[in-house]
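Residue numbers (our numbering), protein chains in the order written: chain L, 2 to 484; chain G, 2 to 382; chain W, 18 to 121.
None of these hints come from the bench; they were simulated from the model.
On a predicted model such as this, the values are computed, not experimentally measured, just so you know.
Don't take each hint at face value.
[To be verified] Here chain W is said to cover these stretches of chain L; the calculated rule only asks that three of the stretch's residues, wherever they fall, bring their Cβ under 8 Å from a Cβ of chain W: (1) 143-153; (2) 158-164; (3) 392-403; (4) 427-437.
Virtual Cβ for every residue (Gly too), placed ideally from N, Cα, C.
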Amino acid sequence: MSKFDFEIAVVGAGPAGLAAAALAASKGASVVLLDEQAEPGGQIYRAVTETPVRDRKVLGPDYWHGAELMGPLRDSGAAHWPGTTVWSVARPREDAADGHRPLQIGLSRNGAAAMLTVRHVILATGALERPFPIPGWTLPGVLGAGAAQVLLKTSGLVPSGATVMAGSGPLLWLLAWQYLQAGARIDAILDTTPKQNWRAALPLLPGFLRSPYLGKGMKLMLDVRRKLTVIGNVTALRAEGAIGGDSALKSVVYTRNGAEHRLPADTLLLHQGVIPNLNLANATGCAQRWDEQQRCWRPTTDAWGATSVEGVSLAGDGAGIGGARAAEEAGRLAALDALHRLGRIGREQRDQAAVPFRAALDRALTGRAFLDTLYTPAEAFRVPADDTIVCRCEEITAGAVREAVRMGCSGPNQAKSFLRCGMGPCQGRLCGPTVTEVIAVERGVSPAEVGYYRLRPPVKPITLAELAALPKTDADIDAVFKH
Amino acid sequence: MTQPRRGGEYDVAVIGGGLVGSALAWGLARSGQTVAMLDEGDIAVRPSRGNFALVWVQGKGLGMSDYAGWTKKSSDDWGGFADLLYQQTGLDVAYRRPGGFMPMLSEEDLQARANAMMRLHNQPDMIPYPYEVMDRETLRKELPFIGPEVVGGTYCPLDGHCNSLRLLRTLHKGIGMLGVDYRPNHRVERIEHRDGGFRMAIAGNGAGGEIRAGKVVIAAGHDGARLAPMVGLSAPVRPQRGHVIVTEKTAPFLHHPTVYIRQTDEGGVMIGDSFEEAGFDTTLQPGVSSAIAERAIRFFPLLGKLNVVRSWAALRVLTPDGFPIYEESKTAPGAFVATCHSGVTLAANHALTLAPLIAAGGLGDRFTPFSARRFHVPQAA
Amino acid sequence: MFRRLPEIETALNAAAEAVAFTIDGRPAKARAGDSVAAALLANGVTACRNTPVSGAARGPYCMMGICFDCLVTIDGTGNRQGCQVRVSPGMAVETQNGKREVER
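Throw the hints in and build the complete structure from the sequences for me.
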């Protein structure tokens, strides 16, 4: 029996993971693709193999590109384990006798946990929507625009009743366009892109003019602007339920040119860009840094996606936002590097094979700086007022975080201990970036200096019974029972 | 915030902002001292953020009856301490004293436990306290969810628990209200005893980088081993790793803390723990977490369905015999060390008994048994 | 509030893809492939629980398994992520009130 279950495990079956797994397996490595969803595609290509939305013009050609990634995966021979949650990536305690240091992956599949031993891990954990903390964002009826897009892709569901979209960024416009194609009702789009962002973004325009996004993005935005009510320069937002009640969304209040306006709403779809989904990388011990341009934390990686942890690399939006096409190429580069590290291909072979992927990656990233700069959310939407909930799980407000800072909390980990913010089941995914920035502004230092939550496995809940059933060494048992 | 007296000098500098340091700083400030509390930053070795939150009496002090008495005193004073904190800060640290259990999985273990409790109480100078050895049926009346393997256990009505993270926050809020000058990101590089006072050199602090105080209390946990010898003291502590698991919030069902499992006031079930010698490595070991989970399910099978939402490994601050060190320096009077691994249980003592003594100038004979000199006596062959 | 696109609703009414399940004991209909959270929204259930902290109402928010706001009781097991579980025939979905009970 081999000491390893697989040579390479790829975590996440979005564009980066699909491309990485297919390439690595096609070169002869034993590869397993672990994915939480029932069908491959990640969030961007969610349900691409089974969506009920068969009219291809609704979801658009960029979405259907995802289907092209399935054939190579199938043909590559990579094992694909859908419905598999990875809750930890860790090294075992001791070096193996032959000097290899295998990695252990904790996973949960069909209600049972297991440990998988591999030599290399490629994390392709993708992105999540940047938190959009406004008063009332916890009300039923308020969803992420990305969430609404998942509902469309997986179930053919579109909003009915009064619907408002609010925020900024490409996904917001894409979803509005898809709703237009599908004949769904949108009452208004509240555009929160700060006016002054245009000034900052303008010098970056030449790069964007060469970008593959330009044509598509402009057409899409023009279509939406022509057919829908778009209200620009929105500087404040709040969602409100019934008077004196908190049961469900009733209206959206926005501020434009200093004046408040109210729109009735049954559904509010919020979006202000995406950020790396870094919980697993963080809990694995991968170093991360604050990216000022994207205003988010991103794990530190080299040109091949290698992280600070030996044997662990990252590909796609989980390593910094570059979009689906960039993720695909980054997945291939990470796969090549993994093959090289495993001794399957030489350095030259790796470098040579990488040339077309790197060129495609560069192309896909062209114009990114312009988009990042233009769509940087206003501070008011990143660093909310005192009464706004920042931690949805534990219902902690920005004001409570500020009070903790005034008591001497200098970072999110002490704030977490004091307030429980970031301690709920989402493990800071929906409050982490906000808490960092609130503390940074309150202390008058940079987010980089403030730092981020120190996360630990399990990064997704598993039952105590699942945990109890895992293999244990005698030393593990003695550590608990012999005292 | 109270300004330090006399050109930047405080009455006392407390080194360490964890549970021991902040309880002492709180008690010192209440005793009228001007206090600076020097702490490390957001990421540091912080047992106070990782402990199990028991206020526990039963079984402690076998080998040192003074420690058993000291523990019992803190337990007895804890309710009043929690009230004082609430009156001052409006924060409830959720102290409850419903009595605690130590369930056992074999007759052999139960007998060994009963013998240990008896030996503990047969020690000279032991202040007795009530406890009970229970068989399975008696235990089941109190803890209806025990599993089939549980043969019985011990019970002590003095045992309780609190919300230890809220205790840490409450103490920090309290010291702020009392005018303590809290200085995070002030790791002490060096302590010098000069001109009858103490000067603390602060690591990497551009702004002057020195704190002066008439007295210094080293309550720095693991860092005490490095700091104590600078003022003629000794704190030979080592880290011992313990894993803890916590589940999602659950409706109240476990009404007594047990030594390994307790339900928090917020609803989560905390499950401990392990004893590992691994230096300062806090990497989680899945096998150790698994063994802890397995034992918990043997105690309470219904826990198996609950979701684990977090786990961590923290580092106990252990002296060679496991008992605390409290001592004033002979060569640098005014320098004190206070270190223990029961910062929650002993918080009431630290705040209400130890701090006033330090404020008044000395510990007295009562604390002689807690001197680190006990580790320097050559052991009999 | 959400509705199906018309052609999908039509196909659903043709029954082959329809899945019968219950929400708090009431009969409900979903499409095979729907997550529980999507099925709740499709049946007009926007709020699926009250939080264990303040009791405030919550509904699905992220639909990708990260926000834990769509927690529901599924076939007697509490705190399941509705957006990560596919609806199946006869499934009993219950909205939740506050903390999970240890015995379910």
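Hint-by-hint comparison with the structure:
1. 143-153: holds (count 8)
2. 158-164: holds (count 5)
3. 392-403: holds (count 4)
4. 427-437: holds (count 3)
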